[in-house]
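Undergrad: Take a look at the letters that make up each chain.
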Amino acid sequence: MTLLLALATMLVAVVVARPLAYRLGRDAGYPMAGLFLLALALVLRGAPEVLSGGVVEGRWTWIASLDVALRLRLDGLSLIFAILALGVGALIMAYCARYLSEQYDHGRLYMLLSLFATAMLGMVLSADIIVLFVFFEITTLCSFFLIGAQGLHQAKPATRAFVVTASGGLALLAAVLLLWHVTGTTDLTAILADADQVTDSPLAPWIGGLVIYAAITKSAQFPFHFWLPDAMVALTPVSAYLHAATLVKAGIYVLMRFSQPFTDFWWWTFVLVTIGLITTVIGALFALQQHDLKALLAYSTVSQLGWIVALVGVGTQDALSVAGLHAFSHALFKATLFMLVGVIDREAGSRDIRELSGLYRVMPFTAVLTAMAAMSMAGLPPFLGFVSKEESYYAFLDLPGTWGLVVGGVAVLSAAFTFAYSVRLVWGAFAGPTQQRRLYDAAPSFLAPAAVPAVVGLLLGLFVAQLNPLFDRSVQATVLAESARADLRLVPDPLTSPAFAMSIATVLLGLMLFRAREPVDRALQRLDLRVRGVDVYDRAYAALLRACDRVAAPARSGELAPHLVWPLLSLVVLAVGVVVLGGVDGVGPPVSRPEDWVVVALTALAVLGLCLSPSRLGAVVVLGVVGFLIAAWFLLLGGVDLALTQMLVEILTVAVAVLVLQRLPARFAPTPRTRRVGAAALAVAVGLAAGAATLLLTGRSGPTAAAQWYVEESEDAAGGTNLVNAILVDFRGLDTFGEMTVLAVAAIGLLAFLRADAAPDVRARSMDLPGDRTVIRSAARILVPVICAVSAWLLLRGHYEPGGGFVGALAAALALVLARLPRGADARSRLDPAVLLTAGLVVAVAAGALGLLDGSFLRPLTGSIEILGLDLSLTTSLIFDLGVFLAVLGLVVAAMDRFSRGATPTGGAIR
Amino acid sequence: MSAVVLVTVLVAGGVYLVLQRGLVRATLGFVLIGHAANVMILAAGGQDGREPAYVGEGRSSAGLSDPLLQAFALTAIVITFALTVYLLALAGHGGDDDGAPSDVEEEAADEH
Numbered sequence: 001m002t003l004l005l006a007l008a009t010m011l012v013a014v015v016v017a018r019p020l021a022y023r024l025g026r027d028a029g030y031p032m033a034g035l036f037l038l039a040l041a042l043v044l045r046g047a048p049e050v051l052s053g054g055v056v057e058g059r060w061t062w063i064a065s066l067d068v069a070l071r072l073r074l075d076g077l078s079l080i081f082a083i084l085a086l087g088v089g090a091l092i093m094a095y096c097a098r099y100l101s102e103q104y105d106h107g108r109l110y111m112l113l114s115l116f117a118t119a120m121l122g123m124v125l126s127a128d129i130i131v132l133f134v135f136f137e138i139t140t141l142c143s144f145f146l147i148g149a150q151g152l153h154q155a156k157p158a159t160r161a162f163v164v165t166a167s168g169g170l171a172l173l174a175a176v177l178l179l180w181h182v183t184g185t186t187d188l189t190a191i192l193a194d195a196d197q198v199t200d201s202p203l204a205p206w207i208g209g210l211v212i213y214a215a216i217t218k219s220a221q222f223p224f225h226f227w228l229p230d231a232m233v234a235l236t237p238v239s240a241y242l243h244a245a246t247l248v249k250a251g252i253y254v255l256m257r258f259s260q261p262f263t264d265f266w267w268w269t270f271v272l273v274t275i276g277l278i279t280t281v282i283g284a285l286f287a288l289q290q291h292d293l294k295a296l297l298a299y300s301t302v303s304q305l306g307w308i309v310a311l312v313g314v315g316t317q318d319a320l321s322v323a324g325l326h327a328f329s330h331a332l333f334k335a336t337l338f339m340l341v342g343v344i345d346r347e348a349g350s351r352d353i354r355e356l357s358g359l360y361r362v363m364p365f366t367a368v369l370t371a372m373a374a375m376s377m378a379g380l381p382p383f384l385g386f387v388s389k390e391e392s393y394y395a396f397l398d399l400p401g402t403w404g405l406v407v408g409g410v411a412v413l414s415a416a417f418t419f420a421y422s423v424r425l426v427w428g429a430f431a432g433p434t435q436q437r438r439l440y441d442a443a444p445s446f447l448a449p450a451a452v453p454a455v456v457g458l459l460l461g462l463f464v465a466q467l468n469p470l471f472d473r474s475v476q477a478t479v480l481a482e483s484a485r486a487d488l489r490l491v492p493d494p495l496t497s498p499a500f501a502m503s504i505a506t507v508l509l510g511l512m513l514f515r516a517r518e519p520v521d522r523a524l525q526r527l528d529l530r531v532r533g534v535d536v537y538d539r540a541y542a543a544l545l546r547a548c549d550r551v552a553a554p555a556r557s558g559e560l561a562p563h564l565v566w567p568l569l570s571l572v573v574l575a576v577g578v579v580v581l582g583g584v585d586g587v588g589p590p591v592s593r594p595e596d597w598v599v600v601a602l603t604a605l606a607v608l609g610l611c612l613s614p615s616r617l618g619a620v621v622v623l624g625v626v627g628f629l630i631a632a633w634f635l636l637l638g639g640v641d642l643a644l645t646q647m648l649v650e651i652l653t654v655a656v657a658v659l660v661l662q663r664l665p666a667r668f669a670p671t672p673r674t675r676r677v678g679a680a681a682l683a684v685a686v687g688l689a690a691g692a693a694t695l696l697l698t699g700r701s702g703p704t705a706a707a708q709w710y711v712e713e714s715e716d717a718a719g720g721t722n723l724v725n726a727i728l729v730d731f732r733g734l735d736t737f738g739e740m741t742v743l744a745v746a747a748i749g750l751l752a753f754l755r756a757d758a759a760p761d762v763r764a765r766s767m768d769l770p771g772d773r774t775v776i777r778s779a780a781r782i783l784v785p786v787i788c789a790v791s792a793w794l795l796l797r798g799h800y801e802p803g804g805g806f807v808g809a810l811a812a813a814l815a816l817v818l819a820r821l822p823r824g825a826d827a828r829s830r831l832d833p834a835v836l837l838t839a840g841l842v843v844a845v846a847a848g849a850l851g852l853l854d855g856s857f858l859r860p861l862t863g864s865i866e867i868l869g870l871d872l873s874l875t876t877s878l879i880f881d882l883g884v885f886l887a888v889l890g891l892v893v894a895a896m897d898r899f900s901r902g903a904t905p906t907g908g909a910i911r
Numbered sequence: 001m002s003a004v005v006l007v008t009v010l011v012a013g014g015v016y017l018v019l020q021r022g023l024v025r026a027t028l029g030f031v032l033i034g035h036a037a038n039v040m041i042l043a044a045g046g047q048d049g050r051e052p053a054y055v056g057e058g059r060s061s062a063g064l065s066d067p068l069l070q071a072f073a074l075t076a077i078v079i080t081f082a083l084t085v086y087l088l089a090l091a092g093h094g095g096d097d098d099g100a101p102s103d104v105e106e107e108a109a110d111e112h
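Chains as they are written, first to last, in UniProt numbering: chain A, 1 to 911; chain B, 1 to 112.
The shape of chain A in the complex, shown without the other chains (with noise of 0.2 Å):
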């Protein structure tokens, strides 16, 4: 529950930092500084369980069925791993308070270092490996904003960055969910219980190989190593927290976490061990080239977490719980270093070890904490960093064989590159003469922050067999046996043993670097490297960017027929898939009769004349043929209402075509011949799959149990005796509203669309009938209430005999168009169309809402009341169907006015 808590805490922080900024201003870091140690003590509240040998376990519970929940779990590893995330960052807060410019976002930056801190306790702290990746993600994300904070020039090297680090999160989603596979749960204790299962499995290549990609992008490993100095274009106090000490190290908490299934593979070994090593020669040589203390900072940071990919990558015991000592003691020295950078590029005005010069006269706190971190740094005892670089040789020289002595001869080069450069940064900035005599040490309100780790460093490397309980427990719970111990002592022994051997070596040749510093450098300076990480990672970007080009042209023509070609290929591919492979059940086609055919053939002939014509006006005309004849085989099947509106639909859409086809040409523009033939073949193959597809998936010749029971009980429920009509408005109300509101939605384009104020179109003109209208007229006085009065009674009798809303307003629609027919084209519509549309919503709301009475939204109230002697019964059904009504009827005036009068598209000039 506390871990719950502890997380909770760390979510308030995020919350209130805007808040607490606005008021504070940059003061705001000394309370979330709080929050911070809050959320640490409740973490430290599970300590003495875990280094009593217990596990402290949280849980909320929240997809069940999926057996996903948010499973907290504190063991020796997580507890190293959130002091590092939380205690740092409770001293970056309090940094940030005094480093920060009074004008700056302070609220945005306190927000997203709270919520990277919030991420990264989730990551070491949860139990569920989903979770661990969602976290691990959201790492990734703060880092890109905290990096990009400030300007146009950090867009890139944060895109970078996150490109590079966001692949890494792929690459661990796909071994999570390989784990899920291989194991079946995503419960951390159970996987890494069955590690031999993981080890056993054909896949265990795949999954280590993916969470080694996952840990060397995120901890900037060779070959991705170039995010991190690139990354440096952030603040100080984000570089010192996210790519020293916390962030990067989220890449090595993964690699320890999963390491145990894969530490027996000669691969593991040898890929990490290799890339380490690599990692932490040349990020040591490249520190030691710097001139920049912050770009120095940044590839000594490299280097190290190359030092710690390798120990995880020897795999022992040993060497595991020495890799985890090495990120805390790391932590410690490198935020002190880029805090203390961080006071100098302040109060110097510079970082830049050539303009740096006798800094220790005028600051000489500054100096004195920034060589006790520097020795921590260098290995020298009696710091935190000589233990763990010593052990780091016992565990290096326990590789087999000549293995070791390589490997070993390897770290103690290293070694010694990161003595002489811990040198450097020290004499750089802070020997020689004094130039700027009148400078003052920053207050120690600055300073405190980046004294305390430096002073932990030495206390915690005086006193570094009280860690050894700490340390026990994270090895245990890395490499999972109860009778791992870490066995830290500061003072070797024996001292003959060659690890010290190889510390005083490494001491010699740092400080033979030292005395060497000029030649070393003018050699330095000269190192010319052809191949640049952002290079290599700038043209590869580019490169894809391009082959996205090409790979995504044929979707950016402006033709329709391009799009349509790829889905229309696809299910072509999809039917002939499934046919070739089978798994559809042979079915017994549906019974025909003599007269369907007559349909089909007239169809058949009807299509063929519409794919032929040359000519607009007789396209439009064969295909309300073909609507009718539609209609008729709707008839033939037995669905009355069904054939009603589709012939009542099929009028409209002629005559709604006939308005459009004024304004443009009598005839088709020609197409291509290959084009032609190209479209019928697609065509007809795509036909004859939608024919298979009706063959192998409609052949039952009985009712469905749903028809049958809309048969039984829809008169008891619903009072209806016109199923079609009852399942509309009554059973399946929410659909029928649902489609409501997309004749809604076009309408409401078409209104958007033409516009109501435009001149009559001239040409629009042409749909005036010519000669004399006195016959039309006449006609439509009688026959327009006429078609009212049978629309109104369609409406009303819809429940129980054919009929319906959408009948009866359509039945409408044809009493508006006759009624316009001899009024010529800019006469304007009495009826408002928004109004229409609008009232039919609310009129469907209104029935569905009185629904609500009895218990849920659309369920129909019935009743009955005795009108001149005649007993009516009522329904709010009957109210819903008149919303649906005024919808229909909404659509149609709307295309009527807005077509017949001629309006040109809004604005006029999209063409």
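The hints are simulated quantities; they were obtained by calculation from the structure and are not laboratory data.
Even for Gly, the Cβ is constructed at its ideal location relative to N, Cα and C.
The reader is advised that the hints may include incorrect statements.
[Claimed, not checked] Covered stretches of chain A (in silico footprint by chain B; criterion: 3 or more residues with CB under 8 Å from a CB of chain B, positions within the stretch not fixed): (1) 626-637; (2) 714-722.
[Stated by the list, open to error] Some chain A residues judged to face chain B by a derived CB distance under 7 Å, without partners named: (3) S101; (4) L560; (5) A561; (6) E595; (7) W597; (8) V600; (9) C611; (10) V658; (11) G691; (12) L695; (13) L696; (14) A706; (15) V817; (16) L891.
Could you slot chain B onto chain A? The hints should help.
TA: Relative to the frame of chain A, chain B by itself:
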């Protein structure tokens, strides 16, 4: 079996038309494909029961057609109508987003 042939014919015609130039023919093709979908939905209920789906006193409930599928198809018809009207608006008044040469552009070319 008649439904199978009907769907084949309608889909083939519809696909042929949507692959032609200009939005008007594409709209016509779209209507044909809509018909095919409705026929297919109705065919799912089989073609044995063909009596109109009305119940009540004096009516037999044997051999009724499937009312649920008819309700589906009826909704589909009206939605197809709405979309057709919208497509026609685009075809008649729209810009050149249908690619060159669109119906409107041809007309402009005719005028010059």
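Undergrad: Work down the list of hints and note, for each, if the structure agrees.
TA: So, going through the hints one by one against the coordinates:
no.	hint	verdict
1	626-637	holds (count 7)
2	714-722	holds (count 4)
3	S101	50 Å, violated
4	L560	6 Å, holds
5	A561	5 Å, holds
6	E595	9 Å, violated
7	W597	6 Å, holds
8	V600	5 Å, holds
9	C611	5 Å, holds
10	V658	10 Å, violated
11	G691	3 Å, holds
12	L695	5 Å, holds
13	L696	10 Å, violated
14	A706	5 Å, holds
15	V817	13 Å, violated
16	L891	6 Å, holds
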